[in-house]
Structures are given as C-alpha cells and as structure tokens.
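Undergrad: Chains as they are written, first to last, in our numbering: chain A, 10 to 315; chain B, 14 to 352; chain C, 42 to 339.
Take the hints with a grain of salt, since some may be wrong.
Taking lysine-lysine pairs in the DSS-like style, the calculated list, with each CA pair at most 25 Å apart, reads [unchecked claim]:
#, chain 1, residue 1, chain 2, residue 2
1, A, K134, A, K214
2, B, K107, A, K229
3, B, K107, A, K214
4, A, K11, A, K141
5, A, K11, A, K134
6, C, K331, A, K141
7, C, K240, C, K225
8, C, K296, C, K285
9, B, K96, A, K214
10, A, K229, A, K214
11, A, K134, C, K331
12, B, K107, B, K96
Quick caveat, the hints were computed from the structure, so don't treat them as lab data.
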Amino acid sequence: MKQYIVRRIGYSFLSLFLLSLTIFVFVRLTGDPATLLVEPGASEADLQAIRVQFGLDQPLYVQYWHFIASFAVGDLGQSFYYRTPVLDLYLQRLPNSLLLAATAMSFSLLIGIPTGILAAVRVGKFWDTTGKIFALLGLSLPAFWVGLVLILFFSVYLGWLPSSGSGTFWHLLMPAFSLGWFFAAAHMRLTRSSMLEVLGSEYVKLARLKGLPEALVIGKHAFKNALIPVITLAGINLVVMINVAIVVETVFAWPGIGRLLYEGITFRDFPIVQGVVVIGGAMIVMVNLVVDIFYALIDPRIRLES
Amino acid sequence: MPNEPLLSLEHLSAHYVSQQGRRVVRAVDDITLTLNAGETLGIVGESGSGKSTLALTILRLLPPAARIVSGRMMFEGEDLLDKSDAEMRRVRGKRIAMILQDPMASLNPLFSIGDQVGESIRVHEGASRASAWTRAIALLKSVRIPSPETRVTQFPHEMSGGMRQRIVGAIGISCEPRLLIADEPTTSLDLTIQAQYLNLLSDLQKEHGLALIFITHNLGIVAKMCDQIAVMYAGRVVEKGPVTRIFNTPAHPYTKALLNSIPRMSDNRQRLTAIEGQPPDLASMPPGCAFAPRCAMAFDRCRVETPPEFILDEGRTARCWLAAPEAEAETVPARSAMA
Amino acid sequence: MSVTTLPSPIAESRPDRPVAFWKGEGFPLIPVLILLTIAFVAIFADLLAPHDPQIGSLARRFRPPAWQHGGSMEYLLGTDHVGRDVLSRLIFGARVSVIVGLAAVFVAGAIGTLLGIVSGYLGGWVDQVIMRLTDTWLALPALTFAIFLAAIVGPSEFNIIVILGGVYWTRYARVIRGEVLSLKEREFVRLAIVAGCSKRVIMWRHILPNVINSAIVLATLMLGVVIITEASLSFLGVGVPPPKPAWGLMLADGKKGLMVGYWWLTVLPGLCIMGMVLSANLLGDWLRVKLDPQLRQL
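Isolated chain A, as found in the complex:
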C-alpha cells in the first residue's frame, strides 16, 4: 500500500506541474505578458520596467523556474488595487468562502441524500419522478439566476431576507441555497444510482432472505454502503464549490474568494486572477489526493495488497 500512496503523491505532483505549466504558457501566449502585469494606463517605460523586474526578457525556462519557485514560497504577486500580497488577500477571504461552501454543502446533502434514497426505493413511482424533475432542474438552472430570483422574491417582494453582504445567518441563507442547488441535484443522482446498485447486491438479497423487515434492509444494510461514493463526491465538491462560487458571491456581494476573483476581473488586477486560479487548481488536486489516500486507508482490498 505504501507503493500506492507514493505513486499517488507523485501523480499529484505531476498534476501540479502540468497545472503550473498550463498557466505559465497561457499567460505568455498573448505575446507580451507585461501588459497583464502592469496597471491599466501604464506607459511604455513602465512596461519595459516591468519586463526587467519580472525577468520577462530572460529565457523561458528561467522564467518558469522563477514562476514555480515564487509560488512554492507563497509569493503570488501583489494586487495592484489593494497593494497587498495576493496570498494575504486570499487567506483573508477564505473563511467566508468556507462558511458559504459548508452551508451550501449541508443543504445539498440534506436535500439530495434523502431524495435520492426515496427515488431509488420507490423506483418508477412518485418520488422517483419528483427526483428526476428535481435533478433536471438542478442541472438546467444557472446558480446565479436562482440567486437573482430568490432576491426578487425574498428581498424585494417579501422583504424577509437581506439581499447582499454578510454577517448574520440571514445573509447566508440565500447564497447557500443558490450555491447548493446544483450540487443537491448532483448528489441526489449519485445517491439514487448508488442506492439502486446496492439494492441489487447479494448481501441485500441475503438480508431479505433472512426475513429482515424492509426498513432494516434499507436503513441498515443498504444505506451505509450506498453513501460511500456520495460522501466521497461531497468531499471533493466542497472544494469545487469554493471555486465556482464566484457568480453567487457576485450576486450577493458575499466577501469570499469568488468575489475576490470578480474584483480581479473588474479592476483588471491580473495578479489576483492568476493567484486565485492557481490556488484553486492546487486545492482541487490536493483534495483529490487526500480522498484517494483516505480510501486506500479504509478500503481493505487495497490495504491487504501490501
């Protein structure tokens, strides 16, 4: 098993390498990256100064080395607008994004899992059809539109909830719902198919053969086994959520990573954009690694292979 872990870590490093390479290449693809790294409205002299400062006149592999080296020590450049290191800005906003993502994730699981189970157990009947419609809507409605419509209803028409900002639980409600909506549908689908698979397994068959009441068959034997892939996906999705929350955070002016990225775009603050993307990608690679290793530790088949 150690072999597996080592291999898996190596694979992650390869992914990180490719990720950084991709970003590096694309930034240079435009021809003159100096235009990106400089504030809008800079003169030619400024551009030249930037070129020298960032070593853009040096051979590519040297540039790449600097690129990687600075990221490795956490130097992601400095924001033009805020005049603070990007990393600091990121860490400042991260807790807000985590809060939003965690709430959205809870919502998506609270809705998704029971619906999925009901859909599987009542295949072809009312709950299953409801589930299918729900899943379809989840995939077809953009999260930010859900957010906008919610604002229309609950802030403008009913006046119950605040439409932007953060601070109280009420501020959290609508953004979390909007963000979690899509994932609720995804989790529902996975729960349903996982449950159906488990319901067709031999040990569920044996449970029925033992004469166990149906509630026990589903609640004990099927449930736990069916949840395993769902929880795995949820773990990964948490990180994904943080990264795709940009539109929801923009709609609700929620001060998280997504909003930071939005500011980066709007103010043409390239270091922020680059920083957020790099960290986001790295986070996802890492969480995939953690989940895979966790699996290796608890799944007996891989364990016994050592």
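Guided by the hints, dock chains B and C onto chain A, whose structure is given.
TA: Relative to chain A, chains B and C alone:
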C-alpha cells in the same frame, strides 16, 4: 416418517413477463415436488434451467418482473402463497433459510461477523444484542470456526473463502429453520474445502433435523449428500426420485446424457461426451418437449406435445413420452400424473 | 390434483436492476420544438425583432411588460435600463446563444474526439501525455479556467468560443478514449490491421464512424453546460461584450433594476436560458438511451 411432507410444491409456475407483455419467460414451469422432514433433495440442472429461480419462488422473493402464475406451495401444511408480506417475512430466515452461492458478496462488508450472524436472532426471536452475540459465538463454534470469540468481532474481508461460507451457513441455521436451501454452496470453494463443508452441512442436518435442498450442477455432490433428486431442464422437472435408483437406471434421456457426460477414470474413450446443442431460449420455447431438439431418442410426438409427468413407480416420475404406457414394453403401471 | 390458477399476481415487488434514468423512451417533442424555435428565432432575428436591440432611448427606460400597468404593446416585454426593447434583445440574444453554444460544442467536440481517438488508439506515451493533461485540466473547474483565459485574451464572441472549446474538450476526450479502447479489440479493427491499413486510415475510416454516436450524445449534453457557462461569463463581464445582447449580459444589466422590482429584466432572460438548457438536457438524455445504452454511465 411423518404423515405430511414438509414441503410440497404442486404445479408451481412462475413467469417473467416483459413490460410490453409480449415476451413471456417460463422460468419455473409446472413444478411438482415433495420433501419430507430431515430429507435431502438435490435439484440439478444446467445454468438457466430455473433451479435458482425455483428457490426464490419458494421464498417469494422474485424480482418485480416475475409473477407466480399458478400452483400451490405447501409448507408445514400451510400454503405459502396465501401468506401476507409480513407473514412471509416471518417465514424467511426463521422457518425456511437460504444460503447463497457467493459468500463474499453475501456478507455486508461494513458490519461485523457477530452483528450479521446474530441479526436473524434479534429480529425473529426478539433477542437482546448481548444474547444474540453469545448465540453468534456458539453458532460459529458449531460451524467449526476456530477461535470464534475473536472472529465474531472481525469483518468479512478478514476471513478466508471457506470461513465465509461457513459463516453464511451459520446465518442459515441461526434460527433453527426446518428447511435450508443451499444454492450452489460449494461452487466458489476450493476443492479441498468442499468436502469439509459438505460434511459440515451433513452433520448440522443430523444435529438439527433439517431438511436440505441442494441446488447444484454437480452430480457428485448429489450422489454423496442427497436422498432424492430432481432434474430440471428449461424450467421444468424432467425426472425426479430416489438418488440411487435414478443414478442406476435413469429414465429420461437428459438424465442419461448428464450421467454419461461425467468423465470416469475407467473410460477408455478419448473424447468427452457432451450433450449436443444448446439449452433453449426460455422466451421462445419449441412446441412439445423442451429437450426434443437435443434428444437422441426423440420421435414425432415429442416435437408436438409436451409430455406430462408420468409416475414410473413409488416416488419416481419422468416427463418423457418414452415413459408413457404405450411406449413402454414393461408392465410397469404408468398413470399420468395429471388428473 | 387439479391446476389452480390464482386470480392475482402475488410475487413480491422489489427493485431489481437499475432502471433507465429517463422513464419511457418517448421522443421528447416539446424540448425539440423549443430548440427548433430558438434556432428559428436566432436565424430570422432581423425579421422577427420589432426594434433594434442596441438602440434605446433614456426616456423610455424601465418600461414594464405590456400586461403590467405602465407597459405598452410597443415594447411587449418592457425595456431595460437604457430604454432598449427587451423582446428584441432576447431575440438577438438567442442568436448569440445559439452561435456560441453550437460553435463551442463543436470545437470542444472536434478537439476532444480527435485527441480521444489518437490517445486511445495509439496508446503508449502519447496516451499518457494526453491523459495527464486531460486530468489536470479536468481538475480546474471550467468556469474558473474560462475566466482565467478570458482575463488574458480579452472578451469577444470569437474568443469565448475558443475558450469554451478549449475548456470543455477534456470531457469528450475521456469518454471517446474509453470507447476507442474497447473498439480496438473488435474484429473489424483487427482485420484492418492485418490487411495492412495504416494507422491513420484505421482511425479515420473505422474508429471515427463508430464513436460519432457517443460524440453526438455528449454534444447535446454539453450544450446545456456550455450555455450556462457562457451566461455566467457574460454576467461577470468577461463573456460576450456589450452592446451585443447576450442573455447573460441582460441578467447583469437586470440586476441594476432588481432591487426596485423590475422583475422582467431578470426573470425573462433567465427563462430563456432555462428553456434552452432544459431542452438540450432532455434531448441529450433521450439520445443517450436511444443511440447507445452503454452510455447510460454518463
């Protein structure tokens, strides 16, 4: 010998009907079988002959696409088909138990051995966790698993294949059923372990007075373990009766062919004797006897009319026109089993 | 002993095998009609739109739809914050969505299918490289990646198409590669190899036609996702640039009037997006079942 058979199936049929209602698969067709308490019945046949479906039919656990369309299933004097869902659940595991083929797949990987062995006891007899746990240890001991006290806390993946099969056997007898159905119980075991396991089942049977139904394609097991045998082909029972007599003088051509195809050391022939052809597609069966296309002794009537079960002598029947009174030269009185 | 036939079925009813996700194999008539309508509107936008979508008059801003108080038949669905006709903008917006959506899906599909075939068929280090790249790109959420690229190259309709194609091809590549791997083992491919066909010929004439089915199903399923991403990009301001009317842009503009209750600027473009995406998804689900049962995994 008790007066009433423990289990009596009478003209039992179960069909799979496709959603459009056009394809009807007669998975279990007109089955009549009896089994007395303490007896062992072997149900033999190729894959797809309906033997496993028969077991599920008895326990009324067919998939939703299947329906029991006719017949009776008498168990201890009651018709199982008359029972409600709740009543049937009380029968399963407690009065009729079943062992499945693949022990690794039958055990839930997330729960301990003790939990799974004691589960039926907790549900059917209302035992507490603690007493079910103790009973589980005792059951593991009775299926000859060493150091049961430690094993009982472990998980299925920590057991070997042979042990898992024993555990599944322990689950089967946990509530002292009257009938135990074993579906291909040795197929997934190593040869060396098979004999041990069969001996175990035999001993358990004697200890607990169990009736046993063995579903298998292995005639050797039948010869060793069973009193009665029923041969199935294409969903029907083609021959049944006491094992020794059928092995010595098989009446149905399929049974003869099956027995012939077992390689023997004394054989000087170079080639294995296989049965020509393929089993029929149960959705589109030929008219007449299902075995006729592959039967060396088939004649015209076989291809037109399905033979009923003819009683050859006490306890023996064969579903073959060769067993009909007109075809037989002997004066064995053969009455049709159909009224 | 007589045969008794029982009056009603008494077998237990338990879920057995997983059932196809979409119940009933009926042709999705309404979704197809919706999509055709959108396509029709997109093509004939010039003829259908009552007003110029990009010209507005501040005197007529924020007019509500015709059926509300203050609205008029002239501006059937109201006007936006600079007085432009919403209906006309929606109609021309359909053109943007259709063009960007179809083009992006096509680009992604072409690249993804090509690389999937090459990767799956040639194997070896080519396969490894392409797969590692695919996995890495898949790790980045599409939206984030698209935003990053848009920030670099600047927004324009053409750029967006290229970006979306460049982000979404990875989804194709994985699936197609899987299919190619199993196709490789089939008889007709082996015969072609034995007959001396070059690799290029085999890939073009034997492999490609057999993966087209999956590619088409994937394309319909991807269409919805691409459109939502494009709308998100436009909403954020890095998508199709103004004054071209993209539905996502309309939503961004609509936000300005949201807090005072100008609902039509938000709800109507959203409904259009939803209609198109929902129809594409339904069509894709049906196609998936129809064309290739193996793809139920998707």
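Undergrad: Quick check: which numbered hints come out false for this structure?
TA: The structure conflicts with hints 4 and 5, although it agrees with all the remaining ones.
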